[in-house]
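So the sequence lines, in the order shown, correspond to chains S and A.
Letter 81 of the first sequence, counting from 1, is numbered 81 in my numbering, and no numbers are missing.
Letter 189 of the second sequence, counting from 1, is numbered 189 in my numbering, and no numbers are missing.
It is worth saying that the hints were derived from the structure and are not from the lab.
A portion of the hints provided could be inaccurate.
Unchecked claim - Computed far set for chain A versus chain S, every beta-carbon distance over 10 Å: (1) Ala29; (2) Leu33; (3) Arg94; (4) Lys253.
To be verified - Here are the simulated DSS-like cross-link-like pairs (lysine-lysine), alpha carbons at most 25 Å apart as the crow flies: (5) A:Lys12 / S:Lys159; (6) S:Lys159 / A:Lys14; (7) A:Lys15 / S:Lys159; (8) A:Lys253 / S:Lys159; (9) A:Lys253 / A:Lys232.
From the three backbone atoms N, C-alpha and C, an ideal C-beta is built for every residue, glycine too.
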Amino acid sequence: MTNLITDTTTVFSRELRPVLRNPFTVVFSMVQPLVFLALFAPLLPKVAGGSPLQWFVPGIVVMSCLFGTSMTGSNLLYEMQTGSHERMLVTPLRRPALLVGRALKEIVPVVAQAALIVVVCIPFGFRLHLTGAVIGIVILSAFCLGLGALSYTLALASKDREWLFWTVQQTLLFPLLLLAGMLLPIENGPDWLQTLSKFNPLSYVVDAERALFNGDIWAATTLTGTVAAVAVGALGLLVGVRAMHRSD
Amino acid sequence: MIETHELTKHFKSKKALVKAVDGIELTVAAGELVALLGPNGAGKSTTLRMLTTLIPPTSGTARVAGFDVVRHQREVRQRIGYIGQGNGAGHSQRGRDELVSQGRSYGMKVADARRRAAELIDSLDLGEVADRTVSTLSGGQRRRLDIAMGLIHAPELLFLDEPSTGLDPQNRANLQEHIIDLRRRRDTTIVLTTHYLDEADSMAERVIVVDHGRIIADDTPERLKATHVGDKIILGFEHETDAAAAASRIPHKLQRYGRELRISVVGAPQLVPGILDDLRVAGLPAASIEVTRPTLDDVFLTLTGRSLREGGAAPESADDIELVEV
Chain S
1 MTNLITDTTT VFSRELRPVL RNPFTVVFSM VQPLVFLALF APLLPKVAGG SPLQWFVPGI
61 VVMSCLFGTS MTGSNLLYEM QTGSHERMLV TPLRRPALLV GRALKEIVPV VAQAALIVVV
121 CIPFGFRLHL TGAVIGIVIL SAFCLGLGAL SYTLALASKD REWLFWTVQQ TLLFPLLLLA
181 GMLLPIENGP DWLQTLSKFN PLSYVVDAER ALFNGDIWAA TTLTGTVAAV AVGALGLLVG
241 VRAMHRSD
Chain A
1 MIETHELTKH FKSKKALVKA VDGIELTVAA GELVALLGPN GAGKSTTLRM LTTLIPPTSG
61 TARVAGFDVV RHQREVRQRI GYIGQGNGAG HSQRGRDELV SQGRSYGMKV ADARRRAAEL
121 IDSLDLGEVA DRTVSTLSGG QRRRLDIAMG LIHAPELLFL DEPSTGLDPQ NRANLQEHII
181 DLRRRRDTTI VLTTHYLDEA DSMAERVIVV DHGRIIADDT PERLKATHVG DKIILGFEHE
241 TDAAAAASRI PHKLQRYGRE LRISVVGAPQ LVPGILDDLR VAGLPAASIE VTRPTLDDVF
301 LTLTGRSLRE GGAAPESADD IELVEV
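Required output: the full structure, derived from the provided sequences and hints.
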């Protein structure tokens with residue numbers, strides 16, 4: 001019979017299937033990060049330690065995850081409107097599985113996108129430190145799991161008010177992104193901005209990714225980044241599972 | 001198969017309390033095909049949503065397939081199939097994939113789910129479209145796919161919420177055939193809601209008329225019509241005097257309009273030959289005859305004073321206002 005794990009697997013593989021059937025969809029949500037990579041990175045000043053890409057690429061990897069994952073709730077929103085979410089609610093699938101399976105699927109495009117960005121950047125002088133990058137992506141996955149869950153929560157709360165979902169998502173997206181120092185270093189900014197940045201969990205994730213992608217595995221930022229990512233992951237799942245139970 | 005007691009669902013709109021379902025007592029035996037008939041906002045869908053565990057009742061109880069819908073949701077869900085008003089299959093998915101996932105949701109093994117999916121694709125005539133993205137299918141194809149999804153685990157009890165809404169007449173007829181066929185071959189208990197009178201009339205052995213959240217009639221379509229409306233026989237005569245003389249001979253409730261008699265009876269087709277014979281023998285032969293049989297709409301009209309055909313929505317239609325569960 002079924003248990004929470006088989007149920008989660010059922011939901012996870014259902015979510016993943018359209019992506020596997022049409023892998024190109026993974027690239028769609030990457031358009032903006034790729035634009036930044038192509039048009040913004042060349043503006044960065046040359047630094048002593050090598051290519052500015054070394055500093056910029058980890059930020060773009062996180063950005064790509066942020067764009068794709070924060071939007072993912074819109075898929076659920078659409079399924080709530082067409083009726084397939086309701087159909088699944090009538091099956092014996094356990095309610096946590098309906099959320100966790102969906103959120104877990106977010107890890108797949110994150111890994112694929114990170115790999116794609118790295119591959120694209122290597123010819124332009126980006127140096128890959130494989131171990132660090134892999135650890136970085138594991139940490140990022142924990143973050144995305146939570147972010148995806150929060151995006152689904154937002155979808156469940158929005159119900160048929162699609163505008164509400166997009167307003168909240170867009171309103172939060174750019175402050176999170178800019179305050180994490182993804183495009184420009186926060187250290188050069190005014191004090192108030194730096195203070196705000198400290199309250200953004202994403203800042204710690206971005207810092208950790210920068211160190212890890214440069215092969216600096218034992219940096220303190222790895223620990224703080226892991227804590228921030230796991231905290232977001234746990235919080236997201238907790239809130240999301242509660243929301244899914246309540247929507248029942 | 002279904003047993004409810006004082007099943008009630010109230011919603012709160014801005015100020016007023018909407019009694020969407022107001023104390024429904026419903027018993028459905030195994031193998032029945034039952035139609036819930038009523039205008040939009042009558043409480044049909046809300047009743048179905050409670051019976052399928054989608055929303056909890058405000059008060060009252062319901063046992064479905066042997067289990068309580070609140071305390072044993074999973075057991076109920078395992079045993080029922082549900083085909084809602086929307087599309088069960090995700091629009092970005094492929095039909096066959098969705099069928100297999102659906103089978104997995106009920107704990108079927110992958111191989112079993114695949115086999116069963118292939119069977120249903122075949123019997124619902126979906127072979128050509130099962131491996132296409134759902135969003136590219138026509139309305140009728142999607143609806144058949146929905147039916148297949150609801151049947152993947154061969155449930156003993158199947159709920160259909162407005163199954164033929166939005167379909168053209170041919171697809172509607174096709175769908176009705178599938179449902180009747182399912183009933184005949186598998187003995188599945190079927191409960192459907194509809195606001196199409198002809199659908200309830202032609203398919204269901206039992207029609208439950210719902211209005212303002214209450215059951216106002218519950219019987220076979222034939223008996224509902226006989227009990228609440230009855231047939232009309234309209235006889236025309238050459239002369240008014242013949243009509244008047246004939247009126248005194250006919251032992252049924254009637255009214256005379258000039259040369260015309262309007263007779264209200266139950267079972268007109270059986271009574272007409274006798275009446276005509278009697279009149280001929282008495283030298284009062286009818287010049288014309290017309291028999292009108294009632295529709296379920298006449299039944300609804302008699303029961304509520306409103307016609308279903310004209311929309312006839314209950315004043316506080318539950319679909320139009322933002323509602324909060326109570």
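Query raised in the report: If you draw a straight line from the CA of lysine 253 (chain A) to the CA of lysine 232 (chain A), is it 25 Å or shorter?
Result: holds (10 Å)
**Report entry** Restraint check for lysine 159 (chain S) with lysine 14 (chain A), where alpha carbons must lie at most 25 Å apart
**Finding:** Given that 25 Å is the threshold and the Cα spacing comes to 18 Å, the pair holds.
Query raised in the report: Checking the smallest CB distance to chain S, is alanine 29 (chain A) really beyond 10 Å?
Result: Holds: least Cβ distance 22 Å, greater than 10 Å.
Query - Minimum Cβ-Cβ distance from leucine 33 (chain A) to chain S exceeds 10 Å - result: holds (20 Å)
Requested in this report: Quickly compare the C-alpha distance for lysine 253 (chain A) and lysine 159 (chain S) to 25 Å and report which way the hint goes.
Outcome: violated (57 Å)
Query raised in the report: Between lysine 12 (chain A) and lysine 159 (chain S), is the straight-line Cα distance small enough, at 25 Å or below?
Result: Holds: lysine 12 (chain A) and lysine 159 (chain S) sit about 17 Å apart, inside 25 Å.
Query raised in the report: Can the restraint linking lysine 15 (chain A) and lysine 159 (chain S) be considered satisfied, given a maximum Cα separation of 25 Å?
Result: It holds: about 21 Å lies between the C-alpha atoms, which stays within 25 Å.
**Report entry** Verdict on arginine 94 (chain A) as a residue remote from chain S, using beta-carbon distances over 10 Å
**Finding:** violated (7 Å)
Report task. Mind verifying the non-interface call on lysine 253 (chain A)? Its CB should be farther than 10 Å from each CB in chain S. Result -> holds (49 Å)
Hint compliance for this structure: hints 3, 8 are not met, and every other hint is.
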